[in-house]
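Protein chains in written order, with the working numbering: chain A, 2 to 347; chain B, 2 to 347; chain C, 2 to 347; chain D, 2 to 347.
Check each hint, because a few of them may be wrong.
As the list makes no split between identical chains, a pair holds if one copy fits it or if it spans any two.
[Claimed, not checked] DMTMM-like mimics (lysine to aspartate or glutamate), calculated; alpha carbons at most 25 Å apart, straight line: (1) Lys-222 to Asp-56; (2) Lys-162 to Asp-64; (3) Lys-58 to Asp-104; (4) Lys-6 to Asp-169; (5) Lys-4 to Glu-62; (6) Lys-44 to Glu-268; (7) Lys-88 to Glu-62; (8) Lys-252 to Asp-169; (9) Lys-139 to Asp-64.
Hint data in this document are derived by calculation from the structure and do not stem from the laboratory.
Number of protein chains: 4
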Amino acid sequence: MVKVKVGIINVTGYAGSELARLLFRHPRAEVVSVTGRSAAGQKLGDVFPHLADMDMKITAELDRSVDVAFSAMPHKASAEAVLPLLKAGVKVIDISADFRLKDGALYPRWYQFSHPAPELLGEAVYGLTELYRRQIRKARLVANPGCYPTGAILALAPALKAGLIRPDVILDSKSGISGAGRALALNTHFAEASDSVSAYGLDGHRHLPEIIQELSLLNRKRPVSVTFIPHLIPMTRGILTTCYASFKPGKLSGDSAARELMALYREFYKGEPFVRVVDTPPGTKHTWGNNYCLIHPVIDPRANRLVVVSVLDNLVKGAAGQAIENMNVMFGFDETAGLEALAVYP
Amino acid sequence: MVKVKVGIINVTGYAGSELARLLFRHPRAEVVSVTGRSAAGQKLGDVFPHLADMDMKITAELDRSVDVAFSAMPHKASAEAVLPLLKAGVKVIDISADFRLKDGALYPRWYQFSHPAPELLGEAVYGLTELYRRQIRKARLVANPGCYPTGAILALAPALKAGLIRPDVILDSKSGISGAGRALALNTHFAEASDSVSAYGLDGHRHLPEIIQELSLLNRKRPVSVTFIPHLIPMTRGILTTCYASFKPGKLSGDSAARELMALYREFYKGEPFVRVVDTPPGTKHTWGNNYCLIHPVIDPRANRLVVVSVLDNLVKGAAGQAIENMNVMFGFDETAGLEALAVYP
Amino acid sequence: MVKVKVGIINVTGYAGSELARLLFRHPRAEVVSVTGRSAAGQKLGDVFPHLADMDMKITAELDRSVDVAFSAMPHKASAEAVLPLLKAGVKVIDISADFRLKDGALYPRWYQFSHPAPELLGEAVYGLTELYRRQIRKARLVANPGCYPTGAILALAPALKAGLIRPDVILDSKSGISGAGRALALNTHFAEASDSVSAYGLDGHRHLPEIIQELSLLNRKRPVSVTFIPHLIPMTRGILTTCYASFKPGKLSGDSAARELMALYREFYKGEPFVRVVDTPPGTKHTWGNNYCLIHPVIDPRANRLVVVSVLDNLVKGAAGQAIENMNVMFGFDETAGLEALAVYP
Amino acid sequence: MVKVKVGIINVTGYAGSELARLLFRHPRAEVVSVTGRSAAGQKLGDVFPHLADMDMKITAELDRSVDVAFSAMPHKASAEAVLPLLKAGVKVIDISADFRLKDGALYPRWYQFSHPAPELLGEAVYGLTELYRRQIRKARLVANPGCYPTGAILALAPALKAGLIRPDVILDSKSGISGAGRALALNTHFAEASDSVSAYGLDGHRHLPEIIQELSLLNRKRPVSVTFIPHLIPMTRGILTTCYASFKPGKLSGDSAARELMALYREFYKGEPFVRVVDTPPGTKHTWGNNYCLIHPVIDPRANRLVVVSVLDNLVKGAAGQAIENMNVMFGFDETAGLEALAVYP
């Protein structure tokens, strides 16, 4: 069986190295080129000992003969890196935010740059497989969702689609520290981050417009107001998002409400290989290293409020794993190819 | 200077041992009797090496000649333990929930026992010094607030008192694992708890009625609806609570709103020795081992919503430290006596 | 391809659940029966959410139609559980210590029980593949090595075999907390174990006779004196062992010594799929969730001493992974079958 | 009571901020000047929220009117900073390594600089109070011991002084990550450091010559050979050192040996306020935030070897606390002044 040839742009960050880890065992794909700016010329295993078996050299530029390129570059640089690839006919899965927002005018405001190819924003498919599988199949450019948006959107999609809740939601997210990336910063220094939890992005996190865009699309294109507060948690991987929303009058009340809610969520995700609706509150550790998103919806009957908890591994379903899931859909592979390993627990 | 004689009931839990740690250096108090069921007969330093300097023996029963007793017993057992002491004229600061709720009927429902002395519920003073200092001064029975309620109430009190917000709030709390106590359980096993965050108490945590009671009192005695979801965080100490509430129409809007909000909070806590309203998002680690509650109020202008973050050390301001603060007020000591040490950071 | 039918005795501990995790994706084996005492009757996914995909029920007794049984029972109980299986013709890989020691007299002293089948101690093969591959191929009973012995023996084997060092070694081991098992104990409580390191077993850890036995065999059957001090580290997985030994006079001195040492180690482990001799000091995290043992030998020229650092995942190469490696050898499968996944990092 | 005026050079590192934390509550000292290069002009509480109560501004240069200056500068820069202060008559306690080594020729080799004032190396007193109390009393320049040397020397001093052990010791140290300082580096990034342990400095850590110097002085000035391997542990504070040494022939054997060893250690440290010889293996967490060094000496009878475990908080007894202890001795204060707080546990 011929394997597709894969390139990874910026393999030296955590999303990039996670792509390498997962793709190395993919039955239908072969990583043939990996890039990294500062580490160009080094062996992959010298930068990441756990990838020593891959025996590849990091280069400055991507080999353009690849069939598909994953970009794990920071925003702005990512768009610049993938545009020539797209022109050269390479399929692209962009893990940065550069093709997620449909409205190009949002980039200067939220990401401080003018988008170099706004004409592609309409074409790019938002790579949340559970919602856009059909479009991803034919896409040549997939915008891989952000880690926070993935957990938040999957948690609220069934309720929004069913018209259960008012269009004003609160998302309280708790993220492991790998979400802040591999670059050095005081807030990711072990001595500062361990044994502490703190909120950040209180004046507006960059994932907010992405979440609003997708939740509003789910809400029959009517705008959803979102308060989104992320928190830094002293763990390496994982995001837990607690979602709060008020039920519309007359929706889901009475003794059977909890059961109906659970049934609605189960039905929505029936057959989905990477979403599991669970009966007990999940921990992020239940998804360590794998591509699951676990969702636990409950009702606060005193306040007539929906509370949904979702957990995922920010580097897998929140980044590299979902990107591979998208590749699998784009190339017609089994959707779980390369993503079968169970979570590593404890 | 004569020191008050202090007893600690159940010194072998984390609240009890924290009382011992802090009281050992108190200039006006002397611990003369400490009890513990399973450890009776052992030396305190054998159970807790960090308390070896105290050179005390743990006994089964409290020496009744104490001037004041702190009870760190679990609920129900605590009421039973302190009733004879009260009758004997000993002042009591109860760290359990047994005298926090004014409505005795709530105990069977939330704590699964009939209160043995409901007539004391009216007399007992809720020991949140910032709100009840005057009453604590003359109290002989103080109900020390729960760890979650302390952070939540202090975070919302200024806004509720000022009538800024609607009486429907969401409290998303993140607690370190010492909050679950020293008793053994799978969810506090290091291998299960580390590298994971999870929600619990989704069907109603025991601190909820206490929070509702106090927030409603602050809201001119009109009921406040509360959704409260606690989360377990892989750290030993600390609680961060993120509070969400909608502003009433016409309140705090426009360009100066953020400034006015900050001014209102600063004014409310002016002169308070243990509350600091801070300009940047605080981390729980900033309060490690000390009695501060740090509060950071902001506005989400997109959703016209108040967001307040508070942090404290659950074993200090959330338990033992606040209990000592109450003792200081009851006995007319300097409120900060024994509580002066700065947080241990990092 | 017909799969071998596998049973796991005591799937509810960490070694047992790790066997389940790894075997679920094994191309040549199928788990058909899992047991657990307290959890009998429950679904595997209810006890371990990360194993929900396995959709198996935990039973009290093992299905005896299995081809091979892994026992993850505690010592003594393990021997009792596997004896009837052996009689019934089932191949057994015992993760407990019950068949590791060749001298049955050591069991009463180190494990406080009389061995029920001392006649099997000669037959049982010590399952360190790198040293006993030939014997494992024909074994019907494999004693899977202890987690500490695995790292220590692999670290010292090349030097001992080559006669480089004096027969008096020091092993200073640092283990993650899953090594203490899933049973509840105060020293594995998160609040006690986090942010702390401590030594234990100072009066003789149970793995000591096993280490002495195997190192002595490597030393041409001449006894090796071993000081072994294990330490508990605030991490979930991983063991790092630092080994210290004095060089025999005239061995490996001079400018080329370091290079010769490295060459000797590389030669010793040439072709081994799960041992990698590395040029830089490895971290335990480099082996998270996979079956590698990384070894870094250096010389302290000032003290004319060999220092070897080895790291592995105590639940994989130190338990379940090595057990599967043994199964692969026993059944003639590819040695890496089911064990190909790279370490999850970071 | 007039307080001595204290200055802290480089308050913005972890040793510097720990000095500030501890000195703020010192009954006989007042911090009047704090410096920091990059943070000059900022308020102390803006850099370190836990120090907000100090309400001081960080300056570029130290106020020379101080009575005593603590230097928490890196090596080389520290010597340069304190020389003018010494000339100006300020007493100096240097936390860097710049005055620890008696042999100036060691600086180029181990610290890559030529010592600017080798004539002071003889005068400088090595500030290990337990060994040099008499000299510290009259010192104007104290070289505060390194964090690793403190734990190692205190652990071995009684045995070496008594002539029990051979002059060839192994020190296996485990340090929390604050020991690596507040500067940013990949190995202190939370995602890299958490859940991992690794050895470093295998080709010779800078604390080695300091340890050799002091152990040799204890050994009647006869050289002691030292193998010293430090390890990085995923915790913020704490060092545990496990020391290994062979007994000289005829020393401490037989049934009473363990008891005699313990008695010898207890006698050696009798009356010492900050060393406690303990009967059970200590954890680093037992010293969190305080100035104790706990020592646990045992015998490995099989190998006729002494094993001593010592624990301390690297930022307190290993740095700032010991520096204050030295100040207390230099100024004739109670040795425990400012250092009375018990460890924060758990």
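Now for the hints, and whether the structure bears them out:
no.: 1; hint: Lys-222 to Asp-56; in the structure: neither (48 Å within a copy, 39 Å between copies)
no.: 2; hint: Lys-162 to Asp-64; in the structure: neither (42 Å within a copy, 47 Å between copies)
no.: 3; hint: Lys-58 to Asp-104; in the structure: neither (38 Å within a copy, 46 Å between copies)
no.: 4; hint: Lys-6 to Asp-169; in the structure: neither (44 Å within a copy, 53 Å between copies)
no.: 5; hint: Lys-4 to Glu-62; in the structure: within (22 Å within a copy, 45 Å between copies)
no.: 6; hint: Lys-44 to Glu-268; in the structure: between (47 Å within a copy, 22 Å between copies)
no.: 7; hint: Lys-88 to Glu-62; in the structure: within (16 Å within a copy, 58 Å between copies)
no.: 8; hint: Lys-252 to Asp-169; in the structure: both (16 Å within a copy, 19 Å between copies)
no.: 9; hint: Lys-139 to Asp-64; in the structure: within (23 Å within a copy, 48 Å between copies)
Hint violations for this structure: numbers 1, 2, 3, 4, all remaining hints satisfied.
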